[in-house]
Structure formats: structure tokens, C-alpha cells
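**Student:** Sequence:
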Amino acid sequence: MTKASGGQAKRKAAAKRPAGAAGISDEAAARLLDAAVRLGEKNGWDNVRLSAVAEEAGISLPDLRARYRDLNAVADAFFERALYAMLAARPRGFAVMTPRERIETLLLAWFESLTPHRRLAVQMLQSKLWLFHPHHWVPMVFDLSRLIQWLRDAAGLSAAGRRRQIEEIGLTSLFLAALAVWSRDETPDMEITRRFLSRRLVGAERIVTGLFSRPS
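As numbered in our numbering, residues 3 to 218 make up the sequence shown, in order.
This list has only true hints and no planted wrong ones.
Between beta-carbon pairs, the in silico distance windows are: (1) 44 / 152: 28 to 34 Å; (2) 155 / 75: 23 to 29 Å; (3) 121 / 143: 22 to 28 Å; (4) 75 / 98: 38 to 44 Å; (5) 167 / 93: 25 to 31 Å; (6) 164 / 65: 46 to 52 Å; (7) 28 / 201: 39 to 45 Å.
Below 25 Å or equal to it, Euclidean Cα-Cα: the simulated DMTMM-like pairs (lysine to aspartate or glutamate) are: (8) 130 / 145; (9) 130 / 48; (10) 130 / 188; (11) 44 / 58; (12) 130 / 58; (13) 130 / 82; (14) 44 / 65; (15) 130 / 43.
It should be emphasised that the hints constitute simulated quantities derived from the structure, not laboratory data.
Glycine included, each C-beta is placed from N, C-alpha and C at the ideal position.
Kindly produce the complete structure, drawing on both the sequences and the hints.
**Tutor:** Pasting the structure below:
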């Protein structure tokens, strides 16, 4: 393997491993996240302890702290993986899809990436929204805003001014509604979530003319 091809392979591998809280994107961060997911699936997210995660991953507690400041940061990295999966969603014909079709494709990619751990993802969100965790609420708002901005960008929505605000409000409402549906969707291949997204997006086009029209 040449140096150029080796470097390219490393960059591709790094892109699949979202950085931890300290901005470190490495194999250890991925191993720690995978270990936390395994323990969460086994014991429930509220029962996961960082010392147990470090032991499960075979990594020292100080090295874990260098990557994740707390368990909430581990959850953030878990959802960051879904964002990467959404941004990587480029099926054949994506470029010629309508914006509505691209939005549907991207959102489904986000949900699909989390579906194998759907119950755990819901537990993570419930922990973030717990009454005694108000310090998590504001970061969640910014995380949601960031997700919507990436969704707009990846879908090719480039409106400005008032129309952009309408798009952002509409997409935020759509995502939160779909998230509520998905959190209870136990059907094969997320059938209920797929139908809900499709129906809501078609309805949005009909109600707000040109909301997701092609950018000029």
C-alpha cells in the first residue's frame, strides 16, 4: 500500500469514529463507546458506570476521562454516530431526488443507524431529559439545532431569511414527531416510522407551497 492510499484509508476510518468529548478520534474512543453500548444493553443505561466501561474496553479510567468527560458525553458520541450515518446516506440517484425525497432518505438513515439499539437510545434520551438533569437540556437544544442544520445542508436546502426559518421550524417539528413515533416502533424495517415520515413530508409540501422545492 502506498503512503497516499494508506493515508486515505486512515482518513476514512477516522470519519467512522466520531470524536469523544476531548476531540479525540481514535480506536480507544470507539472501543469505549462500544463497551458502554454493550453494558447499556445488558444492564440499562442508568446502571452503566464509567469504571465498568473502562474495564469492559480494557482501557484505563484516566484514558477514558481523556476522551469522555462523563456518561452523558458517551451518549453524545452514540448519537454522533447517527449523524455521521445520516451524512453518509447517498444511495444511487440521491443527487436527482427532490428535496423532500432527500430529507426522507437522510432522516431514515439517522433512525436506521440507531434502530439496533432503539431501546437503549430511548433510555439515553430519557436520562438527558430527567427532571434533575437541567444542565443537559440546553446542550440538547443546541445538538438538535446542529442536527437540523446538517439535515438542511445535506438535503440541499439553501433558502435564506424567513423561508429558512420556516424550513428549520418545520424540520425540527418533523424530526421530533418522527422521533416519538420511532421510539415505540417495533415493526420490521421501521414500517410505522417510514409511513409516518412519508405522510408528513407529503403533507408539508401540500400545506406550504414550495417549502421543500428545489433551490434556485
